[in-house]
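S.K.: Each chain is listed here by its residues.
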Amino acid sequence: GAGVSQSPSNKVTEKGKDVELRCDPISGHTALYWYRQSLGQGLEFLIYFQGNSAPDKSGLPSDRFSAERTGGSVSTLTIQRTQQEDSAVYLCASSSFPRGRVGETQYFGPGTRLLVL
Amino acid sequence: SQQGEEDPQALSIQEGENATMNCSYKTSINNLQWYRQNSGRGLVHLILIRSNEREKHSGRLRVTLDTSKKSSSLLITASRAADTASYFCATDRAPIRAAGNKLTFGGGTRVLVKP
Numbered sequence: 001g002a003g004v005s006q007s008p009s010n011k012v013t014e015k016g017k018d019v020e021l022r023c024d025p026i027s028g029h030t031a032l033y034w035y036r037q038s039l040g041q042g043l044e045f046l047i048y049f050q051g052n053s054a055p056d057k058s059g060l061p062s063d064r065f066s067a068e069r070t071g072g073s074v075s076t077l078t079i080q081r082t083q084q085e086d087s088a089v090y091l092c093a094s095s096s097f098p099r100g101r102v103g104e105t106q107y108f109g110p111g112t113r114l115l116v117l
Numbered sequence: 001s002q003q004g005e006e007d008p009q010a011l012s013i014q015e016g017e018n019a020t021m022n023c024s025y026k027t028s029i030n031n032l033q034w035y036r037q038n039s040g041r042g043l044v045h046l047i048l049i050r051s052n053e054r055e056k057h058s059g060r061l062r063v064t065l066d067t068s069k070k071s072s073s074l075l076i077t078a079s080r081a082a083d084t085a086s087y088f089c090a091t092d093r094a095p096i097r098a099a100g101n102k103l104t105f106g107g108g109t110r111v112l113v114k115p
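Chains as they are written, first to last, in my numbering: chain A, 1 to 117; chain B, 1 to 115.
Since the hints were made in silico from the structure, they are not lab data.
Calculated pairs, DSS-like style, for lysine-lysine (alpha carbon to alpha carbon, straight line, at most 30 Å):
id, chain 1, residue 1, chain 2, residue 2
1, A, 57, B, 70
2, A, 57, A, 15
3, B, 70, B, 26
4, B, 56, B, 69
5, A, 57, A, 11
6, A, 57, B, 26
So the derived label-pair ranges between C-beta atoms look like this:
id, chain 1, residue 1, chain 2, residue 2, range
7, B, 50, A, 9, 31 to 39 Å
8, B, 18, A, 12, 36 to 44 Å
9, A, 72, B, 78, 39 to 47 Å
10, B, 78, A, 83, 42 to 50 Å
11, A, 8, B, 66, 40 to 48 Å
Partner residues are not named here, just some residues of chain B that face chain A (Cβ under 7 Å, in silico):
id, residue
12, 43
13, 45
14, 105
15, 107
These numbers were taken from a predicted model, which means no experiment stands behind them. C-beta atoms are modelled at their ideal positions from N, C-alpha and C, and glycine is treated no differently.
Bound-form chain B, shown alone (with noise of 0.2 Å):
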């Protein structure tokens, strides 16, 4: 099963607004990271938050995380039309120090965002 949980599986925004998405997932992790896709193609990276952290910023994004309630979100401010895309979020569980840290992915969220 899927660690990441995500919510909404879709969303439609009018361009300039907000986009809010969450991730949930159950085990402890080390880090959380969120991707872009479009259309079914190649991941873009587009924000990694370490378990010891609780907000990271870049450009138009911004992510939290609250490891107590095990989960995550990642805001779009002023969305633009380019914004329209699938975000997934994904967990790295490997235990600390090991060599490996395959990541599991949520389903994903699909925004639209209208011109």
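With the rest of the complex left out, here is chain A (with noise of 0.2 Å):
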């Protein structure tokens, strides 16, 4: 059906609260990828899920960060104590996985656009 959506669209929170963000994948696809973009720093992987393997963690930049995909579906990606720092454009992807190929394309949602202020 429709691609991947992401709420909210905006968000701006004061330093030190909690924010959580989420993914809607597209339906029947399998892995789902946590990107960041921010001035300075460009687009960088955060965090990916694939069926029901472990999460690739290794682009999360502290323990602040977490993120958890419930059902194999939709996931949401938390902030805890927000500093300003983490300002930044918050991208979903997803992409389905067939048995046997790599490479897949990744479709991106709009994104979700932090303010920490």
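Since each chain comes alone in its own frame, lean on the hints to assemble the complex.
M.R.: So this is what it looks like as structure tokens:
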């Protein structure tokens, strides 16, 4: 059906508060990715979920960042005790992973623009 | 550090002209993808080229891949004002048959097509 959706579109928060960002992947896509795009850092990988496998958390910048994916579908990225340097656009992507193939196209959502004051 | 580096960082052309941008990367890849981004929001997938392919076309887009030089180029022919956007290359470095393929992005090329 529809593409990847993310909510909220924009989030303004105060330093020190926790935020939750949501991603709804394309139905049937088994792989889900979170990326961050900030000035001066470009687009950087954060975390990746594939089916029931343990997530690849190698891109998370600190232990204030965590993510979960419930029921193999919706994912939530949580940032605790936000800092001003967390301000960025957070992008979610999903892809299908047919057996025996690698490197499928990732489809991106519109992103959540986070501003930490 | 970014796996991909793009060149030029910015490009300004007249409508109807061709736009060419290049991407270089450092390690072996499974595939390379090009994306477009308008106004700093969602990325739109343009084209994927696999490591065993050398050239691929999609409409007005032409992508080349030279794995010996670890570089790729994106050509937009007969550009339109609507092509104004930032263009990113992204590489998939997962080993063959791995279950994950996180992308590593270049810094992007900002393209302005003047009417």
